[in-house]
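**Student:** Go ahead and model the full structure; you've got the sequences and the hints to work with.
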Amino acid sequence: MEPLLEVKNLKVHFATEEGVIEAVRDVSFEIKRGETVAIVGESGCGKSVMARAILRIVPAPGRIVEGKVSYYRDERNINLTALEEKGPEIRAIRGADIAMIFQEPMATFSPVHTIGNQINEAIILHQGGDQAGATAQTLDILNRVGMPRPSRIIHRYPHQLSGGMLQRAMIAMALSCRPQLLIADEPTTALDVTTQAQILRLLYDLQQEFNMAILFITHDLSVVSQFADRVEVMYLGEVVESTDVITLFEDPKHPYTRALLNSIPQTGAGRGQRLQSIAGSIPNPLHRPSGCLFHPRCDSFQPGLCDLVSPKEITIDRDHRARCILYDEQYADKVSSATFDQ
Amino acid sequence: MPTPKPLLEIKNLKMHFPIKRGIMGRTVGHIKAVDDVSLTIGEGEVVGLVGESGCGKSTVSRCIVRAYKPTAGQILLYDAEGSAVDLASIPEPDMLPYRRDIQMIFQDPFSSLNPRMTLRQIIGEPMRNYQICRGKELEDRVAHLLESVGLRPEHMSRYPHAFSGGQRQRIGIARALALNPRLIICDEPVSALDVSVQAQILNLLRDLQAEFRYSYLFIAHDLSVVDYICERVAVMYVGKIVETADTATIFSDPRHPYTAALRSAIPKLNPRLRQLPVPLEGDVADPANTPSGCVFHPRCRFVEDRCRHETPAMKPTAPRHHARCHFAGELNLSGLSEPAATA
Numbered sequence: 001m002e003p004l005l006e007v008k009n010l011k012v013h014f015a016t017e018e019g020v021i022e023a024v025r026d027v028s029f030e031i032k033r034g035e036t037v038a039i040v041g042e043s044g045c046g047k048s049v050m051a052r053a054i055l056r057i058v059p060a061p062g063r064i065v066e067g068k069v070s071y072y073r074d075e076r077n078i079n080l081t082a083l084e085e086k087g088p089e090i091r092a093i094r095g096a097d098i099a100m101i102f103q104e105p106m107a108t109f110s111p112v113h114t115i116g117n118q119i120n121e122a123i124i125l126h127q128g129g130d131q132a133g134a135t136a137q138t139l140d141i142l143n144r145v146g147m148p149r150p151s152r153i154i155h156r157y158p159h160q161l162s163g164g165m166l167q168r169a170m171i172a173m174a175l176s177c178r179p180q181l182l183i184a185d186e187p188t189t190a191l192d193v194t195t196q197a198q199i200l201r202l203l204y205d206l207q208q209e210f211n212m213a214i215l216f217i218t219h220d221l222s223v224v225s226q227f228a229d230r231v232e233v234m235y236l237g238e239v240v241e242s243t244d245v246i247t248l249f250e251d252p253k254h255p256y257t258r259a260l261l262n263s264i265p266q267t268g269a270g271r272g273q274r275l276q277s278i279a280g281s282i283p284n285p286l287h288r289p290s291g292c293l294f295h296p297r298c299d300s301f302q303p304g305l306c307d308l309v310s311p312k313e314i315t316i317d318r319d320h321r322a323r324c325i326l327y328d329e330q331y332a333d334k335v336s337s338a339t340f341d342q
Numbered sequence: 001m002p003t004p005k006p007l008l009e010i011k012n013l014k015m016h017f018p019i020k021r022g023i024m025g026r027t028v029g030h031i032k033a034v035d036d037v038s039l040t041i042g043e044g045e046v047v048g049l050v051g052e053s054g055c056g057k058s059t060v061s062r063c064i065v066r067a068y069k070p071t072a073g074q075i076l077l078y079d080a081e082g083s084a085v086d087l088a089s090i091p092e093p094d095m096l097p098y099r100r101d102i103q104m105i106f107q108d109p110f111s112s113l114n115p116r117m118t119l120r121q122i123i124g125e126p127m128r129n130y131q132i133c134r135g136k137e138l139e140d141r142v143a144h145l146l147e148s149v150g151l152r153p154e155h156m157s158r159y160p161h162a163f164s165g166g167q168r169q170r171i172g173i174a175r176a177l178a179l180n181p182r183l184i185i186c187d188e189p190v191s192a193l194d195v196s197v198q199a200q201i202l203n204l205l206r207d208l209q210a211e212f213r214y215s216y217l218f219i220a221h222d223l224s225v226v227d228y229i230c231e232r233v234a235v236m237y238v239g240k241i242v243e244t245a246d247t248a249t250i251f252s253d254p255r256h257p258y259t260a261a262l263r264s265a266i267p268k269l270n271p272r273l274r275q276l277p278v279p280l281e282g283d284v285a286d287p288a289n290t291p292s293g294c295v296f297h298p299r300c301r302f303v304e305d306r307c308r309h310e311t312p313a314m315k316p317t318a319p320r321h322h323a324r325c326h327f328a329g330e331l332n333l334s335g336l337s338e339p340a341a342t343a
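Line order of the protein sequences matches chains A and B.
Under the working numbering, residues 1 to 342 are what the first sequence spells out, in order.
Under the working numbering, residues 1 to 343 are what the second sequence spells out, in order.
In short, the hints are calculated from the structure, not lab data.
On a predicted model such as this, the values are computed, not experimentally measured, just so you know.
Mixed in with the good hints, there may be bad ones.
With the Cβ distance kept under 7 Å, some of the chain B side facing chain A (calculated, not the full set) [said to hold, decoys possible]: (1) Pro181; (2) Val225; (3) Asp253.
Ranges of calculated distance between the beta carbons of each label pair, as one might list FRET restraints [to be verified]: (4) Arg158(B) to Gly304(A): 30 to 40 Å; (5) Pro4(B) to Asp317(A): 48 to 58 Å; (6) Arg158(B) to Lys8(A): 38 to 48 Å; (7) Gly329(B) to Phe210(A): 20 to 30 Å; (8) Pro4(B) to Glu18(A): 43 to 53 Å; (9) Asn289(B) to Glu209(A): 28 to 38 Å; (10) Glu330(B) to Ser28(A): 51 to 61 Å; (11) Gln160(A) to Ala72(B): 46 to 56 Å; (12) Pro291(B) to Glu209(A): 26 to 36 Å.
Beyond 10 Å from chain A on every Cβ pair, some chain B residues (computed) [what the hints assert, rightly or not]: (13) Pro4; (14) Lys20; (15) Ile23; (16) Glu43; (17) Gly44; (18) Glu52; (19) Lys69; (20) Asp108; (21) Asp140; (22) Gly165; (23) Ser196; (24) Leu269; (25) Gln275; (26) Asp283; (27) His322.
Just so you know, even glycine gets a beta-carbon here, dropped at the ideal spot from N, CA and C.
**Tutor:** Below, the structure is given as structure tokens:
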């Protein structure tokens, strides 16, 4: 499959009064056409900032300080980070080629315009045409996302719809211009499980129909297991493990990935057993640990090594990379062998 | 499993909120947030209350602590000798001695702690209010409570902002334990936390329960969390309990179609079992305008004519297993709870 988007050495910093927060530090990955890539991580790992950096909508005082985001369109390669932030080029791509849906649909829509008007606006902005033509397209896309009675919904205001319906309306707006890439930032986190199941199914069906790629940002590994092709696990602004979804669940390498997988309660499995939790909590981004960022919470911690050396990204297998010195041949003789069997 | 001695018995609890319109504040209808809920929590028992948002599970907990005055029904709190007091009907001032028996842990560890109070004040306040201890003794108690929830006693004079989400939830737990309550209501205690921290808090709640035999009413929307911590589960849908059973059976052998649908909606943690089932179409019913007959009938795939007209009663389907469905025990729900791979 040909690449659609390539993120290379992306760094996003927030200069705050207390100091510089390295929200994204050196993230690289690739999305192929029609593929679903999941970015997994806990709060503060930089996954949302990274996604916003692709569309150049990083909130102030955040700034892309380094890196390249290449978007491939019609044999051409556009470097999104080089475009002017409010310029016409990025605005033509944003919402048309690359669209985004958010966790809070209520915050996406303007409360004082009807759903129909807002979707029409996106269509007219990117494709031209008149209101009548746009309305026909809006009705069609609302129908496709499974909205009941679209001809009535277009006259409604956001507050008149339920959470799941509004999520559908937002997906409809994002898909109205047939994007090549949909960035979905925790699209089901605020929803109930039954509504989540409806929305995930809908995204899956629409992806098959439109052959679009999805960048799925989430903290929920169970959703990842059902939805993603590839997974990038992030911790404190770095990708710590990167692999296909099957390998991630069956042969995770990074201690953080393993610990995350073990800490999820599952129905039926392990009732009466203790959950394996990860010690401590996510560090303050202003006070990053030295060496490996995960070492204070890691159960494979190697004193004198992990707290000093910043681990490199190690290629484990063709498409499997982990940022951990346990797999670095350079340190192989210094790592106690017992840790591998954990 | 023997049925434990009851601690709290909720009988036919109703909480209807009036909908007022116009400048005269005319009552034009009622939101039936809780409609005929009966539930018993035994001594030392952990009972889960699950359901989707808006089903009334938090309203039940607020009725128990009398943040709301219930419209109808009884909430019987039993003392050690077995005599009961009805918390639903006693006058507000008489609640005081019973409030210390029932404590709450809240969902949001950020808004549930006063940012202008130190840990010493937050955790010590309940004990001061009930004049249990003061001065050095109070300080020792607070230190002990902090230790029992895994925090350092020397942090006692810090303010909540200095702590992470998981640590704040521990502070909230220490505050709930301060009066040595008999029942702790945990209202979504881990849903605002990160996965790695969630496991710590769940383990802590379990360890405390094992050590001190507290009773928990554990309210959650996440079935896997409930499955991990609860002995018995009640499933709520639009103000009504639709099924109660032991945790092990409710997930392996659900008798209400809604429970089966909820269960199959949980994504499996296995990429080889790819399935994106849609167990339920449509939205949760509006509690201000509930459907006739069985409240679940517009979304139920087994709906029959009877369901549209006749409200089903809670009926036993097995020992300690009840379901509110006309056809409980007759339906084949196995296809719903273990759906075939689709995607």
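**Student:** Checking each numbered hint in turn, tell me which of them this model violates, lowest number first.
**Tutor:** 1, 3, 7, 11, 18, 22, 23, 24, 25 and 26
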